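> For reference, the chains in residue letters:
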Amino acid sequence: MKNKQSYSSKTIENRFEIFRVIVAIGISLLVALLLIMFASKQPLNALKWFLAGPIMTMRNFGNVLELFIPLTFGGLSIAVMFQCNQFNMAAEGSFFLGGLGAAMIAVGVKMPSVIHAVVALLAGALFGVVLCLIPAILKVKWKANEVVSSLMLNYIALFFGSYILQYMLMDPDAGYIASHSFPKSARLAVIIPKTGVHMGIFIAIVMVVLTYLFLYRTKWGYAIRITGQNENFAKYSGIGVGSTIILSQIAGGALAGMGGATQVLGMYTRFSWVSLPGYGFDGIIISILAKNNPKFIPLAAFFLAYLRVGADIMSRRSDVAPEVVSIIQAIIVVLIAGKMFLDTYKHKMIVKNSQRQVKEEA
Amino acid sequence: MKIGKRLLSALLIAAMSLTFALTGCSSQEAKSEEPAGSTSQSGSAASGKKLNVAILLNGTLGDKAFFDSAANGAKMMESELGCTTKVIEMTADETKWVPALTDASENPDYDIIIVGTWQMSEKLAQIAAQYPDKKYIIFDSSVDYTDGKCSNVYSIEYKQNECSFLAGVAGALTSKTGKLGFVGGMENTVINDFLMGYIQGAKAVNPNIKILISYVGNFTDTAHAKELTLAQINQGADVIFQVASNAGLGVIDGCAAKGKYVIGVDSDQALAFQSSDPAKAQSILTSALKRVDISITKAVKEAQAGTLKYGQSESLGLADDCVGLGTYNKNVTKDVQDKVAEYAEKIKSGSIKVDSAFGKSTSEIEAARKSVRP
Amino acid sequence: MNAVMATIFSASFLFSVIRLTTPILLAALAALITDRAGVMNIGLEGIMLCSALAGVVASAAFHSAFLGLIFAIITGVVFGLIMAYSALNLKADIILVGIAINLMASGGTIFVLYSICGDKGNSTSLKSLTMPSINIPVIGNIPVLGSILSGHNLLTYIAFLSVFLIWLLLYKTPLGLRIRVVGENPNAAESVGINVRKIQYIVLIISGVLASIGGAYMSMGYMDKFSRDMVAGRGFIALAAEALGTGTPVGIMGSSLIFGAADALATNLQVLNIPVQFVQMIPYALTIVGLIVYSVMRNRKEKKIGISK
Amino acid sequence: MAENVADNVLVMENITKVYPNGFVANKNVNFSVRKGEIHALVGENGAGKSTLMKVLFGIETPDSGRILLNGKEVQIHNPSSAIKYGIGMVHQHFMLAPSLTVAENMVMGIEPKNMFLFDFAKAVQMTEDVAKKYNFDIDPKAHVKDLPVGQKQKVEILKALMRGAQILILDEPTAVLTPQETTELFVQLKELKKQGHTIIFISHKLREIKEICDRITILRDGRSVGEADVKELSEQDISNSMVGRNVVLDIQKTEAHPAENILSVRELSAVNKFGKTILNNVSFDVRRGEIFGIAGVEGNGQSELAEILTGLRPYFNGSVKIKGVEIQNLSIRKIRELKTSHVPEDRMTFGIAGDVSIKENLISDRFYKKEYNHSGLQKAKMINEEADRNIKEYLVKCDGREQPIRMLSGGNIQKVVVAREFSSNPDFILVDQPTRGIDVGATEFVRKQIVKLRDQGSAIVLISADLNEVMELSDSLIVMYEGEIVAYFPDTKNITEKEMGEYMLGIKKMSPEEIGDVIHEK
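Protein chains in written order, with the numbering used here: chain P, 1 to 362; chain W, 363 to 736; chain D, 737 to 1045; chain G, 1046 to 1567.
No wet-lab data here; the hints were simulated from the structure. Honestly, I wouldn't trust all of these hints.
Said to hold, decoys possible - Here are the simulated lysine to any residue pairs, SDA-like style, with alpha carbons at most 25 angstroms apart: (1) W/K511 / P/T218; (2) D/K827 / G/P1449; (3) D/K827 / G/R1451; (4) P/K141 / G/P1359; (5) G/K1167 / D/H888; (6) G/K1384 / P/S181; (7) G/K1426 / P/S181; (8) D/K863 / D/L901; (9) G/K1129 / D/L901; (10) W/K722 / P/D173; (11) P/K295 / G/K1384; (12) W/K511 / P/K295.
Just so it is clear, the structure is predicted and the values come from calculations on it, not from any experiment.
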């Protein structure tokens, strides 16, 4: 009897999670609609483009897929670090440095096709690792708060990257600060004609699978998750907490760095980032939406990409600024991260269920 | 739970609507008609027809300078040429540029698509080849015309170093301390091109001139720009040239606060502030103009007449009235103005050749900066 | 080089240190008050940005700088309430709530600015007002000191006054006692009927007020306009200042002054022959170095006790 | 059910409470207390005592039922309304802010004011007044962190009294006290009763209940199984009602056959983070095949000793050798690889990761080993099988290996911890408070497993605050007082509780020679 009762409460919990996510998204979209109503002279037209724009043409849908790639990487990177309970914001800087590293290889050395791109991607990953490692080491060694140190490091990465770009990579013939253009051998080929969707989408999908396996099917992933869930328990069990934290930040940094590299080699012909790209912070939204589980990251990334592209199309076709998306995102994050959101409702479901059990027992 | 979500959403909406309600307006300036609805006027730009023009900006409006000048061009086209225009901000996110450009190219309503800056040139070359029937204009840069490509693109380049040369002349003649300032948004080639002309112009009238040079590091942090300005003023600068887009407002603010002169950029900034903030307008010595508005309007006019030379690039400078200095501050003496005009003639005639940052390495630019370091 | 040294030891440099410290100090105090009650507010950056915009918009709408400040503060309070509701009622991780607010503020302010002014860069088209600068009667006449301490914006004086007020609040009032109890042992507070959630609501509101004054200072004191992303990381630097401030208002004033000085120094060092990027790194690098030094010192203190015979 | 006796000051009717995870803590519980009595509330852990009291004190909201005070229905939404109604609660974990003074702790929530500022002098005065009234001895200006446990508890009781508590809930108040402090507490409770206060006394210790309580309510599995005069019931009766079957209170085990030394501790000293000496020159040996008990009032160095022996705390003076290997510079994993294991004192903090499945909690000490991994991936099938085997063998009540462990009851969580730590067949195991807070059934099971492990040849160190447990289960035993070993009993059979109490309180201390016998390998 007791077994059956707790079993059903577990099922309720799972079913409820899905319901919660849907309601959170629904509410945020509703707020967005209200804001659009307010801001626009032709709200219906704006809405049409916002919601349906991304699927009206193949090219628009291509834009969604293009954006899906870096968002997936950002989400994966944050998920690995959050799973270890590290609020390392350096994923943002790692994304930037990853792009820089890939650009350095792309314009700096000559190599045959494919190999060139692979080496550039790995260089990007390496750059990402170096940056994400710093807050982890400061945390492990001196217990320095990783949120603060990583936020500061993002700025340092940006200025360091601009320095490298300007003093080592810059093409003096370019009319702005940009590297020499990438040779074809290093670029990621476009796979859907008339769109910018490139090979990176396969890399992203492969990384989703690998990250999932890493987190849930390997001993390292196990150690990361246990450490994230309960550091004391991990320590007590003989898990090297410090090295596990560092490992998770290496994995997160590599993913972010590789994401930056993929983005630069797939979407750009030159490296010209002079500000942080934002995909690391986007990763936080995606990771939370996906409950830090790589399985759901592509879904969350696709959702966010769809919203953003929809908003861009809307801003081009009507009079609403695309920044309205940032409000939607914030509401989603807060509602999904809010453990008690809709909790009364859930509790009622459980109570009802349990009371039935009590009656049966009596 | 219901209360929970309601409260949260209500709060957000309230916060937003409050701000709307407070100002009581949601005025939309510089916005033109909805293009999607307007009737198509056949794709080709036949002469005499009122054209439908799309201007795609790879940045955002509100800089009171470069991009705003382009948007002003749209207004001029509407009022002077009767064109239908649409200004699209593609924002600074580079990944959005190609989609937006392709989008516009596929829209049958647009007759001419205008883009700007060097960053767009490679992308435009690529897209223009895919839509040979569309017509394009690019300003502040040129596409690559070798091999007969881009026969449907007209390019406008500006000699910003020429107007900044004049700014340097005006600044050096006005300065009492012999120290000028320069606040750039970020180090990039166009900004440094301004700097090269500025240095050369200042040295032309005062070989011992010193110039303090700072960069904000971005185009948005007005507070930091102001701080840099105040630091330069503390170190003796009394005329400061700002080339920092949005952040440049901080420079103007700093100079206004300390009663020093600032030289504006791209648009005539004294005029821009005249009504909203006369005190600031007072502190603007003059502005180094890059008349994007005039140049693109002129090009569209020619296109309307069927005389625009597609497949070519033109470099517009002082001689074409597309760069120059804006209105002078009322305290600028006739002498100074004459002197500037004199140098302008010399440049127009070619007897003075103005330095450019294009094609210069970082170390060469560094050397030029060093020559005026205090 | 000598010129630089001369500038650094000049009165105007010290004046600029105080000017640059103001927003950091206000935000760091905002971080402190929540921290003492056991909640971490990393949404300061976003709150400052939103208040900066609200202040400008309201001052233009009502033609009153004072009402502008009031509306900036109301905005801060609203965000404090949103954070409190999300974190305390909905039980969302407060760090995530803070991140969400920061993400929202950057785009949201642009959205609102565009809807009001049709401009995405700045509020030049609004005739907004600024808070007045104050010349202190007696101190203002003292030769060097006067030129350093007098003539600042009203909000700067409010910032330094807040140091005293927060100290008074924390250590000399019943509410302060409750805040400290809640931070140290929330269960203890709960057991005597202190409503922990209420206290945390209160500190988040106070935090919102302080941060919003910092934001208003950016757009109505330091500058006289709103421009996009104008807070530019000062809310984050404030978090670092709070982390190094030993948990007391006076300590935080000290660390904020250090950051203000670093910022002023970076500004003045631009004329030297150093790549501009390295100079721009100074405040951030200093933060990290400071964080390390602070952490090392704290750990050493702990270890020392652990090892002693 | 609820007879309306006029002198019932408190009646709780049909209280039902369901926790968010679906656990039904109280099912239609009825509970009534008469004025001026000491009323015992007993039940196994998880029977719903704490929940019922949390409902009464306004910490939890019941899903149904009502509360009557002096015959009138009241709504208690939070602790402050409970306090307003004259209900006070002394929690098991002290509700004090350690860095503040006694006076500040006393007045928090009802701070005296001078204008709008906090009046510290008045707070001191108020504290002195209430202490005098109830004849408590306390220094209002002392910082709470410097007080001994008994004093802290006094602050807690005074805190409730100062707020006008007429009904005082004491949640296992003697758990942390020495026998002498307990006696002192009882004197004070009787004094309070004389002054007209009503006391609800939650306890596991049946002897104490017999000694001090008037009436008793017994809870089982979330339901009330009846109330009675304490006098009418024997300890055995109460025990039977609590668990519904006969529980063998005595632990059955055979004679120990200690073999070679496994653990040698020599001249071990340590200080805590406040610089106070917490272990002073401790030396002892533990042999294979014996249960070595460590008794003592909590806070006399046992926890620190446990942390050192398991590698959780570094130490700098003295030596600890397991099977001849010095562990000073070894990582916890290296120590565990010496075939050691550890049932931690605080299982929720150290023993499990709550949101993770039972299966994954079962492999935290061995997941990295070769036999669990194959070319980088974990061997899922093998891990599953092992989990199922352990769940079955250790009688873990659950929905299966994938269930998050936080959904289990305390006893079942402890069974998972024990399954993991015992199934590795350790040569040395430290078992710290193995049955604290778990139900009688699970307690019995865990104790049996400990004896079984001994018989299989493990060296076991048992630390327990439960005097009965440590005396019955151990083969030999030391008593710790202020970081030192004050007594060694090679045989536990003939020790009396009174004798233990004297050692535990430091009233008596054995000679160095007697204590020295604990070292078997000179």
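> Now, for every hint given, state plainly whether the structure supports it.
Each hint tested on the structure:
For the suggested pair W/K511 and P/T218, the alpha carbons sit about 55 angstroms apart, so the restraint of at most 25 angstroms is broken. About 20 angstroms separates the Cα atoms of D/K827 and G/P1449, which keeps this hinted pair within 25 angstroms; it holds. Straight-line distance between C-alpha atoms of D/K827 and G/R1451 comes to about 18 angstroms, which keeps the hinted pair within the 25 angstroms bound. Pair hint P/K141 plus G/P1359 holds up; C-alpha atoms about 16 angstroms apart against a cutoff of 25 angstroms.
At roughly 42 angstroms between alpha-carbon atoms, G/K1167 and D/H888 are farther apart than 25 angstroms, so this suggested pair is violated. Using a Cα cut-off of 25 angstroms, the hinted pair G/K1384 and P/S181 is violated, with the two alpha carbons roughly 60 angstroms apart. At most 25 angstroms may separate the alpha-carbon atoms for a hinted pair to count; G/K1426 and P/S181 exceed this at roughly 51 angstroms. Between D/K863 and D/L901 the alpha-carbon distance is near 33 angstroms, which puts this suggested pair outside the 25 angstroms criterion.
In summary, the hint linking G/K1129 to D/L901 is not supported, as the alpha carbons are separated by about 32 angstroms, beyond the 25 angstroms threshold. With a C-alpha separation of about 8 angstroms, the suggested pair W/K722 and P/D173 falls inside the 25 angstroms cut-off, and the hint holds. Taking the CA atoms of P/K295 and G/K1384, the gap is near 37 angstroms; set against the 25 angstroms cutoff, the hint is violated. Of the pairs offered as hints, the one joining W/K511 and P/K295 is violated, with about 47 angstroms between alpha carbons and a cut-off of 25 angstroms exceeded.
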